[in-house]
Amino acid sequence: MAILDVKDIRKSFGQTQVLKGIGFSLERGQVVSVIGSSGSGKTTLLRCLNFLERPDGGSIAVNGEILFDAADPATQREAEIRRKRLHFGLVFQSFNLFPQYTALENVTLAGRLLAKEEPDYKTRKKEMFERIDAEARRLLAQMGLSDRMNNYPHQLSGGQQQRVAIARALALRPDILCFDEPTSALDPELTQEVLRVIRQLAERQTTMIIVTHEMAFARDVSSQVIFMDGGVVVEQGEPAQVIGAPTQARTRQFLDSYSQN
Amino acid sequence: MELILQQMPVVIRSLNVGFLQTLRLFFVTGLGAIPLGLVIALGSMSRFRPLSLLTRFVVWVVRGTPLMIQLLIIYYFPGRVLNNNIWGSGEAGRFLASAIAFIFNYACYFSEIYRGGIQSIPKGQQEAGLVLGMTRSQIFFKITLLQVIKRIVPPMSNEIITLVKDTALARIIALQEIIWAGQSFLKGSSGIAGAIWPLFFTAVYYLAFTGVVTLVLGRLEKRLDYFR
Ligand SMILES: Nc1ncnc2c1ncn2[C@@H]1O[C@H](COP(=O)(O)OP(=O)(O)O)[C@@H](O)[C@H]1O
Ligand SMILES: [Mg+2]
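Line order of the protein sequences matches chains A and B. Residue numbers in the first sequence follow my numbering, run continuously in steps of one, and reach 261 at the last position. Residue numbers in the second sequence follow my numbering, run continuously in steps of one, and reach 228 at the last position.
Hints may be right or wrong, so weigh each one.
[What the hints assert, rightly or not] Pairs of lysine-lysine residues, derived as DSS-like cross-links and limited to a Cα-Cα distance of at most 27 Å, are as follows:
#, chain 1, residue 1, chain 2, residue 2
1, A, Lys20, B, Lys142
2, A, Lys126, B, Lys142
3, B, Lys142, A, Lys125
These aren't lab readings, by the way, just hints derived from the structure by calculation.
Taking the hints into account, I'd like the entire structure generated from these sequences.
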């Protein structure tokens, strides 16, 4: 069974329809890259999956459980959305670390707050926090940030901040980790260090959706590439096919404009 | 000069009493206006249009008219216009009326500072919290609040220092604060009459107090320097 099944997602802002029926599915451990020119709706798609936008149409199912169905109001209750979000993680283009917390605190904060909702929180608080703390340290070490855990975001480079953000998202063990152009705000050098950790995650079978303009990287790590244009999926398939030998004229045009730069 | 030295102990004792009332008004206003300002800020940012429009209108009126007139209206309107002097004739009533006028006036100023502070926090902070499964109140208290405080401390410091000096306006309804106490030696009080220097001397109190307030707020600002 697919870990993620997205069907016919539609979303309009006012009069403009930004997503015109997006569908795809994803197996556990797969990486799907979403490519497409600016304004094609990639960010909106990720925001819909993370319940930051409410789609006007379509459905989202994780592990067979329908999390959202535009036709079924029972799936749209505000109170349940917060929990449903936890199936997904989202890494933003602009990192969005919490400036008043250290790298380590950024990673542990949400876990600690969620622990409060556990029935045995009062009696096992110390043990829970130790576990959350240990996990955060492990993740930051995995991101190559062992010596930066106690630094505040403004003391870190963009690449380091983004790696903290990745650790922060991983700490809640989402089923699917989404990246929205994770390296677009970074210099080429810093881009590489972030791509390296994402590549590592792919090798460890982390299920991911990556919106990116790094074609070589997408071709390398993805099991599937989706090319979006004007709110629809124009072409979708193996990376070697979509990026290497696109069948659609629009895909070719897009890729050509990239190789020229 | 010799005369002034002679008068000094009596005058100081009397000015101290007045200054205590000044301090009381200052702290009561701060304690009331700081939270009330937040309520007004939330009102003016409400998604319920009538509420936000009404709040913004009230803030506009309060900020657009002199505090002195607001004081006069609050103190005299019930008695002179409605024939129901709810404040009585004593110092306690004058203090209550002053406190209400000051709290409301300053809350309106603070609310605008809060609103600016809250709206200056990038939306990405809230969204990062949401995506991590936090509730709206967790996001406010654990993420947004401290960032807002950091941003509003400098403009709030300005307002608070202005407040120290604005308390003198309560003299207009004869609140027995330090200006009133200083002025009393002009007409005659405790055997001293026709002395203007006590009134001038009150400036020293204000200066010392704004100095202390500036120092305290400066330290608060420093303490929030650890992040950006
Ligand atoms: N909140 C919004 N309100 C109005 N229009 C929006 C909003 N968010 C995105 N859009 C519009 O939707 C289109 C797709 O945006 P986006 O999903 O950010 O594309 P991409 O990430 O592929 O560049 C753009 O034309 C953008 O202006
Ligand atoms: Mg985008």
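Hints the structure fails to honour
1
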